[in-house]
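If you want the building blocks of each chain, they are given just below.
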Amino acid sequence: MKLPREVYIAGVGETVFGKRKEDFEILGRQAAFEAIKTSKIDRPDVIQSAYCGNATNGMVTGQTILKDIGLVGKASMVNVESACSAGAMAVHMAIKDVAYGITECSLGLGAENHTLHRETGTAFTPAMNDIETVHGAVMTGKYSMRATRYMYETGATIEDLAMITVKNRGHATNNPYAWFKGKVSVEEVVNSRMIAYPMTLHQCCGIADGAGAVVVCSKDMIKKLGVDKPVRVAGSVVTSGPYHNRPRDITGDDITEATSDLLYEQSGIGPEDVDIVELHDAFTIAELLYYECMRFCKRGEGLQFLRDGQSTHGGKCVFSARGGMLSYGHPIGASGAAQIAANVKQLRGECPGYQVEGAKVAMSHVTGGGLSGTEHAACTMHMLVRGW
Amino acid sequence: MAKEEKKQRDPDITFFHPDLLEVPEDCSSPFLKGYRCKSCGQLDFPNLNPCPNCWGEEFEIVPLSRRGKLYSYADIFIGQPGLQTPYIIGYVDLPENLRIFAMLDGEVGSFQCGEEVELTVGEIRKNRDGLPILSYKFKKVNG
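In the order they appear, the protein sequences are chains A and B. All letters in the first sequence, in the order written, are residues 58 to 445 by the numbering used here. All letters in the second sequence, in the order written, are residues 10 to 152 by the numbering used here.
Some hints could be false.
Unchecked claim - Here are the simulated DSBU-like pairs of lysine-lysine, each with C-alpha atoms no more than 35 Å apart in a straight line:
| # | chain 1 | residue 1 | chain 2 | residue 2 |
| --- | --- | --- | --- | --- |
| 1 | B | Lys78 | B | Lys135 |
| 2 | A | Lys76 | A | Lys94 |
| 3 | B | Lys148 | B | Lys42 |
| 4 | A | Lys78 | B | Lys135 |
| 5 | B | Lys78 | A | Lys355 |
| 6 | A | Lys124 | A | Lys286 |
| 7 | B | Lys42 | B | Lys135 |
| 8 | B | Lys135 | A | Lys76 |
Keep in mind the hints are simulated off the structure, nothing from the lab. Computed from a prediction, not measured in an experiment: that's the story for all the values here.
With the rest of the complex left out, here is chain A:
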């Protein structure tokens, strides 16, 4: 389904990611205000609706973030929760408002302080009322099962998986917003602490804090604001994960495959035209599998695609150009919005030291929710295009 009218991104903001002492509302406010200011909005009554993605920081997170900058009482606000997909889903809701003519200008943001409010030395755990969680499921373990099966079927090694971390942290070397960055060797990644075999510490995204925010507008509004580097939203898709308690191939990912296809259809853009992808690289194995799920290469050819350098600068498409979650860490509800913020900066040529030269099309992907019987409970994807 095409968007009924054109939607543009006016401005974006993101915080430095990492273990932060500031709670979610401070981080969220910082990202939101940066997005508002870079949109050339100079007063608090322009934004007509706001959506806030968050997973663990409690109630009325959006209002808590936005009250101190004068948006409450003016914009309608809805708080969005879908685990890791929440931030991107908040941006999707803002896009929908503009696309359907409900608003001229809306804000989507994601903010999370995950480290201040949890027990250290434990793995991130899905909801305790889930049958798999009661039986010991953790996200690291679920992705490790995918990795183990992939290695069993293809002969791939831990060293192969580690190359994803090496690549993504290399991409982030000069990115001031990323947390873990710069040179790391395959050996260091493989020999780091074992979390859930074969996922070692450096193959897992850090449990982190941060925020990202995106202001979206109609074409008229973006002209009125005088934004000179418009980025068009070519597609924005949210899906829920199909339920199946039967044997299935977990080296594929039904929801990512379906959402990619919907996004390609909605945007009229195929994988061959995409310059940058930010995807849900919460664990190394995920990026490897998603090359195939997103149709950048055929089934079974993901590892070759990586080895041939097709997923980095100079290849077919730069995957995780900002460094991905393996560099930023993954503050659950924040990541999806921060991916979009980073992609907009890339399309505007505002990423000194980590710029993908000449990038015209950028895609983002974030799944959400370890729900039994689904690969993921949710998936949100966006396709952005430089210019009018």
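The hints should help you fit chain B onto chain A, whose structure is shown.
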């Protein structure tokens, strides 16, 4: 009412959920309970009511095979808050075309994709009083 509330707070050393697992009192082997929809015939585990295929609300309980194939597994070294590590989780595919997520009883580093495993009953975690909660698990055949 007050009596009922008190009862719920009593130490829980029984099974995680009686709809899932049958441990016969005559000491015969425990089994997982499959639910076959009486209107469309779809077999599910766990019980989904109404049937997601036809919204039927009547089911026949079917004992599921006690052996299946280990599709994949993970040795967990950093686990859930409150769970002792290491522990092992896996997906077991039963001949009834059902996939079961379960903890595996055995040594880390000892399982293989594709190997046959069989149902057992054991502790999956402690409740808030520190007493074991028992549920279904799988282990190596002859293990």
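Going down the list of hints, with the structure as the test:
As the CA atoms of Lys78/B and Lys135/B are separated by approximately 28 Å, the hinted pair is consistent with the 35 Å bound. For the hint linking Lys76/A to Lys94/A, the alpha-carbon distance of about 26 Å falls within 35 Å, and the restraint holds. A threshold of 35 Å between alpha carbons decides the hint, and for Lys148/B with Lys42/B the separation of about 18 Å falls inside it, so the pair holds. As the CA atoms of Lys78/A and Lys135/B are separated by approximately 33 Å, the hinted pair is consistent with the 35 Å bound.
Under the criterion of a C-alpha separation no larger than 35 Å, the hint pairing Lys78/B with Lys355/A is consistent with the structure, at around 28 Å. A threshold of 35 Å between alpha carbons decides the hint, and for Lys124/A with Lys286/A the separation of about 29 Å falls inside it, so the pair holds. Restraint check for Lys42/B and Lys135/B: the C-alpha separation of about 23 Å stays at or below 35 Å, so the hint holds. This hinted pair checks out: Lys135/B and Lys76/A have alpha carbons roughly 31 Å apart, not beyond 35 Å.
Hint compliance for this structure: no hint is broken.
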